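Visitor: Generate the whole structure from the sequences, applying the supplied hints.
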Amino acid sequence: MPSNNNQAINEFNQQVKPVSLWADAWKRLRKNRMALLGLWIVVIMAAITIAAPLLPLYDYTKLDLYHSNLPPSFRTAGEVALSTMQARMDKIQGMIDNGRKDLQPDLDKVKADYAKVQADMVTNPAEKRVYLLGTDYLGRDMLARTIYGGRISMMVGLIGTVTAVLLGILIGAIAGYTGGRLDNLLMRFVDIMYGLPYMLIVIIMMSMFRKEGASSIVILFIAIALVSWLDIARVVRGQIISLKNSEFVEAARSMGASSGRIIFRHLLPNTLGVIIIFTTLLLPSFIMSESFLSFLGLGVSAPDASWGTLVSEGVQAMELYPWRLLVPAIVMTLFLFAMNFLGDGLRDALDPQSKNRA
Amino acid sequence: MKRILPVLLALMATAALLFVSCGQGLSADHAEFVMSNGAEPTIDPSLLNDVPSTNVDLGLFEGLMQYDPKTNLGVPGIAESYTVSPDGLTVTFKLRNAEWSDGHPVTAGDFVYAMKRILDPATASDYAYMPAMVIKGADAFNSGKDTNFDDVGIKAIDDHTLQYTLLGPTPYFVNMTTHNSFWPLPKWAIDKNGNNWTKPGNIVTDGPYILKEWKPQQYVFMVKNNKYWDAKNVHLRSIKILSSDNQDTNYNMYTSGSVDWMFGISNAKIDQIKLRPDYQTSAQVATYYYEFSVDRKPVNNVLVRRALAAAIDKQTLVDKVTKSGQIPTNSMVPPMAGYTQQQGQGYDVALAKKLLAQAGYPNGRGFPTITIVYNTNDTHKAIAEYIQEQWKTNLNINVVLRNMEFKTLIDLRTKHDFQVARAGWVGDYLDPNTFLDLFTTGAGNNDCAYSNPQYDKDITQAALTQGDARMKLLEQAEDLLLKDQAVIPLYFYANQDLIDTNKWGGWYSTPLGYHPFKYIYKK
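Chain order of the listed sequences is A and B.
So the first sequence is numbered by our numbering: it starts at 1 and just counts up by one.
So the second sequence is numbered by our numbering: it starts at 1 and just counts up by one.
Hints in this document: simulated from the structure, not taken from any laboratory.
Note that the structure is predicted; figures quoted are calculated from it, not measured.
Yeah, the Cβ is synthetic: ideal placement off N, Cα and C, and Gly gets one too.
Some clues are possibly wrong.
[Unchecked claim] Between beta-carbon pairs, the in silico distance windows are:
id: 1; chain 1: B; residue 1: PRO216; chain 2: A; residue 2: PRO53; range: 26 to 34 Å
id: 2; chain 1: A; residue 1: MET89; chain 2: B; residue 2: LYS70; range: 49 to 57 Å
id: 3; chain 1: A; residue 1: LEU54; chain 2: B; residue 2: THR369; range: 48 to 56 Å
id: 4; chain 1: A; residue 1: LEU57; chain 2: B; residue 2: SER256; range: 54 to 62 Å
id: 5; chain 1: B; residue 1: LYS70; chain 2: A; residue 2: LYS101; range: 47 to 55 Å
id: 6; chain 1: A; residue 1: SER83; chain 2: B; residue 2: THR501; range: 34 to 42 Å
id: 7; chain 1: A; residue 1: ALA51; chain 2: B; residue 2: THR369; range: 51 to 59 Å
id: 8; chain 1: B; residue 1: LYS457; chain 2: A; residue 2: GLY94; range: 54 to 62 Å
id: 9; chain 1: B; residue 1: THR165; chain 2: A; residue 2: MET199; range: 32 to 40 Å
id: 10; chain 1: A; residue 1: GLY94; chain 2: B; residue 2: GLY257; range: 39 to 47 Å
id: 11; chain 1: A; residue 1: ALA115; chain 2: B; residue 2: GLY257; range: 54 to 62 Å
id: 12; chain 1: B; residue 1: ILE327; chain 2: A; residue 2: LYS101; range: 16 to 24 Å
id: 13; chain 1: B; residue 1: THR501; chain 2: A; residue 2: ALA51; range: 32 to 40 Å
Guide: See the structure below:
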């Protein structure tokens, strides 16, 4: 009340620094700790997989048959191999002592391998390797395989998402803006595509086009992208319809803007929030689809690996060599969780109507 | 009155239980013996060409001879006895009084009909070449050159006498009649139901069991055939054969006790399983090999094929990848009495590089990416990955792996629509011939489309010859096959079965891997 000024200060007469939608969203996202954690995990994992060729990793395709099924360890491969073989020899010796004389040849084989690795310890640099996350059934480094597997899985997710988003936006925007017969035609087509079982189409495509020489990964990309734009198209169409009669569109139209300009300069930027949210949620679903296909044996072909193929290989031996399943499964789950948290956070941050706003 | 009610209920429950237990063994859920087998594409004896289908049919059908449970040599089945003429060209079987499952007698005519059906070019049987190799006139009829079946050397003298006229004195002919391409078939059932004659209810069989239920991709259920001539010596009342291809599922079912016999062990678990007391293993008369479709680029060049063969270290393959007693080999024919195996190209990296350079691809430069096709299975996958890496390291060439269902693989192989394919061959009878005649020009199982007139001549000639001279001809043929490198033999199989022989009797680890259900009994 002691004021020299006659005017009272209230919230309506202040100069407020304008805050853009994006800055506002970022501010809100930063407050959402789970989303931020998700963002960090995604960024770090993506960075690792992109930089994989620069990292000091062992070749993920190189077999070393004396190092098969080694458990995760900080010790050198030679030492780990020797101690696993020692354990096996003790086990077989115990069984032989209990009357299983028929196992003698098995024991001799392990003994021979033991001697071979022991002799190699000094001379062979391969014995000095350290397999932090263990090895698989052909002695390939699980760490390298998981990272390179992530490359393929993420690439499938990314390419699938980008194609889906581009196609979906294009078709959704055209249908929504034009309306009428074209809208009807496009949307009925989408309905029909929806009616077809998605996985079945992908599987049929995969088995039809996987011919000699053709890299199965490209077909996988195409197969996944072709049937994945439907959701986006519907959402974008709905958004465009609800916006196309607003004042700013009318203003643009009265100034003589073309349809293309109105769609791409005025309408789409207003639906971008929804699109971004959808994208972050689509990506994990593509990774899951790819894993599922790989699990069925239709995914990428060896020696390449994706998280899906690694998990499917690991399942076969999960009782004996659990790390072969756990390593890729945990990494994949972590990535999918992070991606989903990030997507959730983005939705809360970008959607002005969201009740979960931080 | 109140007291009586619980008693009545208890009585009813007991009665229900009794009723259920009486039905035991006759419904698929209570089969006495359960085996996991892998998917069976067909059960028509004229059409089958794979191990799972054969396993099923060994329960349903019986030929003149049947497999001995220990040696897998032929012992009298529908035939009571046989005589071979002094020149070895005529074999006469005397049939016993056997009946089909619908009560018809099994007559010599049923054998003649079956032979006509399998040789008929319209049937397109993959195994037609087998009788065609040995029976007089059969090849001409099978290839359509002679449409008069009377010219084929099989004749029903009367209902109980069947006479074969052979191309040459074939010492293994009697053993051969254990094979499905020589079994009798019920003409009336096939005429009535056409392609559906193998459906339960339609099918008529002469073996120890009758087909009761068949759910493709799930299971085959069969029950004892009381009309079988030797029914009193058939012990198991019912058998369920599961179609699961997944070795992990099979193993889990085995350890939980819901499967009594399984074969084919998951490679991932072999280290553990081979220490089990109920793990049965022995050498099998069977070869695991990679085959080339010899008209396909770039494997149409024999130098390329030899280079690929020389670049595989097979010893390491069996020691470190398959790990269960397989024997590495450079020969197509497994060890057999009286036969000297021919040695094909062994492991020799320097030579492999040189051969590839001679073929026009020095250090793998310009060599197109080739594809190995195999059926989905972790052992086949590990082997394919190993070979992929060997070829990459030793020859610097790129290889793509492509897996598929077994049926699809067989289809591709039959159409010669591949470059390199995984294949395995289990002997149909104990003679080198069974590993060689499949590569004659146009033979149904000649997936390689291999064709060498000299080879065909040797094999045909061998069928007309006896003793050492015959073996010489077969050796010569194997040598040719290996020199042309239509195939890369990798190893001889080891039988890998899980069955508790303390619980089940009449089951033995056999050289051909056939285990007739008839002899199996619960101890």
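Visitor: The structure should be examined with respect to each hint, and the outcome stated for every one.
Guide: A quick look at each hint next to the structure:
The hinted range of 26 to 34 Å is not satisfied by PRO216/B and PRO53/A, whose Cβ atoms lie roughly 48 Å apart. Evaluation of the 49 to 57 Å hint for MET89/A and LYS70/B yields a failure: the beta carbon distance comes to about 35 Å. For the pair LEU54/A and THR369/B, the supplied restraint of 48 to 56 Å is violated, since their beta-carbon distance comes to about 27 Å. Separated by about 40 Å at the C-beta atoms, LEU57/A and SER256/B break the suggested range of 54 to 62 Å.
As the Cβ distance of LYS70/B to LYS101/A is approximately 23 Å, the hint placing it in 47 to 55 Å is violated. Roughly 35 Å separates the CB atoms of SER83/A and THR501/B, a value that falls within the hinted 34 to 42 Å. ALA51/A and THR369/B have their C-beta atoms about 28 Å apart, which leaves the hinted 51 to 59 Å range violated. The hint said 54 to 62 Å for the Cβ distance between LYS457/B and GLY94/A, and at roughly 59 Å that hint holds.
In this structure, THR165/B and MET199/A break the distance hint of 32 to 40 Å, their C-beta atoms being roughly 57 Å apart. Between GLY94/A and GLY257/B the Cβ separation comes to about 26 Å, which falls outside the hinted range of 39 to 47 Å. Taken as a hint, the range 54 to 62 Å is violated for the pair ALA115/A and GLY257/B, whose Cβ atoms sit roughly 40 Å apart. With their beta carbons about 22 Å apart, ILE327/B and LYS101/A fall inside the hinted range of 16 to 24 Å.
For the hinted restraint 32 to 40 Å between THR501/B and ALA51/A, the CB-CB distance of approximately 57 Å leaves it violated.
In terms of the numbered hints stated before, the structure departs from hints 1, 2, 3, 4, 5, 7, 9, 10, 11 and 13, listed from lowest to highest.
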